[in-house]
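S.K.: Below, each chain spelled out in residue letters.
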Amino acid sequence: ETGVTQTPRHLVMGMTNKKSLKCEQHLGHNAMYWYKQSAKKPLELMFVYSLEERVENNSVPSRFSPECPNSSHLFLHLHTLQPEDSALYLCASSQTYRREGTYEQYFGPGTRLTVT
Amino acid sequence: KQEVTQIPAALSVPEGENLVLNCSFTDSAIYNLQWFRQDPGKGLTSLLLIQSSQREQTSGRLNASLDKSSGRSTLYIAASQPGDSATYLCAVRGSGGGADGLTFGKGTHLIIQP
Numbered sequence: 001e002t003g004v005t006q007t008p009r010h011l012v013m014g015m016t017n018k019k020s021l022k023c024e025q026h027l028g029h030n031a032m033y034w035y036k037q038s039a040k041k042p043l044e045l046m047f048v049y050s051l052e053e054r055v056e057n058n059s060v061p062s063r064f065s066p067e068c069p070n071s072s073h074l075f076l077h078l079h080t081l082q083p084e085d086s087a088l089y090l091c092a093s094s095q096t097y098r099r100e101g102t103y104e105q106y107f108g109p110g111t112r113l114t115v116t
Numbered sequence: 117k118q119e120v121t122q123i124p125a126a127l128s129v130p131e132g133e134n135l136v137l138n139c140s141f142t143d144s145a146i147y148n149l150q151w152f153r154q155d156p157g158k159g160l161t162s163l164l165l166i167q168s169s170q171r172e173q174t175s176g177r178l179n180a181s182l183d184k185s186s187g188r189s190t191l192y193i194a195a196s197q198p199g200d201s202a203t204y205l206c207a208v209r210g211s212g213g214g215a216d217g218l219t220f221g222k223g224t225h226l227i228i229q230p
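Chains as they are written, first to last, in our numbering: chain U, 1 to 116; chain Y, 117 to 230.
There are no misleading hints in this set.
Simulated pairs of lysine to any residue, SDA-like, Cα-Cα distance not exceeding 25 Å: (1) U:K36 to Y:D143; (2) U:K36 to Y:N138; (3) Y:K158 to U:S38; (4) U:K36 to Y:T161; (5) Y:K222 to Y:A125; (6) Y:K158 to U:S65; (7) Y:K158 to U:F75; (8) U:K40 to Y:I227; (9) U:K22 to U:S65; (10) Y:K158 to U:R112; (11) Y:K158 to U:S72; (12) U:K41 to Y:L165; (13) U:K18 to U:V60; (14) Y:K117 to U:R54; (15) Y:K158 to U:Y103; (16) Y:K222 to U:F64; (17) U:K36 to Y:G157; (18) Y:K117 to U:E56; (19) U:K41 to Y:K117; (20) Y:K222 to Y:S185; (21) Y:K158 to U:L11; (22) U:K22 to U:P83; (23) U:K41 to Y:G187; (24) U:K22 to Y:K158; (25) Y:K222 to U:L88; (26) U:K41 to Y:D200; (27) U:K36 to U:P66; (28) U:K41 to Y:A202; (29) U:K18 to U:P109; (30) U:K41 to Y:T190; (31) U:K41 to U:T80; (32) Y:K117 to U:A39; (33) Y:K158 to U:D85.
Everything labelled a hint here was simulated from the structure, so no lab data went into it.
Using the sequences and the hints given, assemble the complete structure.
M.R.: Structure follows, in structure tokens:
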């Protein structure tokens, strides 16, 4: 595997289910991100982890719970979601994390989530 | 708060044409600007990154320009091909953006007709 991988690629879940999204980066990067892409809206940053510590939580509802057990893996735990949470969830990584940084982010293919 | 607008929202042109995609941003205090490509149902691929001190960047048939003072960037695609069909996203990194400083536009959906 190379780059950034995400599993599953598609997920359908009911509002009472609990599921997890997984992201793995094979680039040796130190920062990882979760983004949400809803139809007809710009990409929205959800969480940022740098060296396995959460450095940013962008006002995300508590029904989304991230976990970064090491610098290569990132999870997004989902519970009691709403239909409006249906979206494409993208994971990204970068060599480092600094607000003013000129670093490049590498994105995974995303998980298409549908909440019924 | 930084806002990024991309015009047009959608574009369909015959193969072989040169075309220009536009991106504008409201806060000129940016560190850099990045153009991405997104294929249907897939992640983002970085195309070009322009630092705030630069005026343009080129990669193959792609050329991106940046006019920071006027808050504008253009992505020029020369001799378009059907394989260029995708959504093109513009993102700026600056102090007015999200937690990581990145603010995205909604994208331009491009279709190149064979």
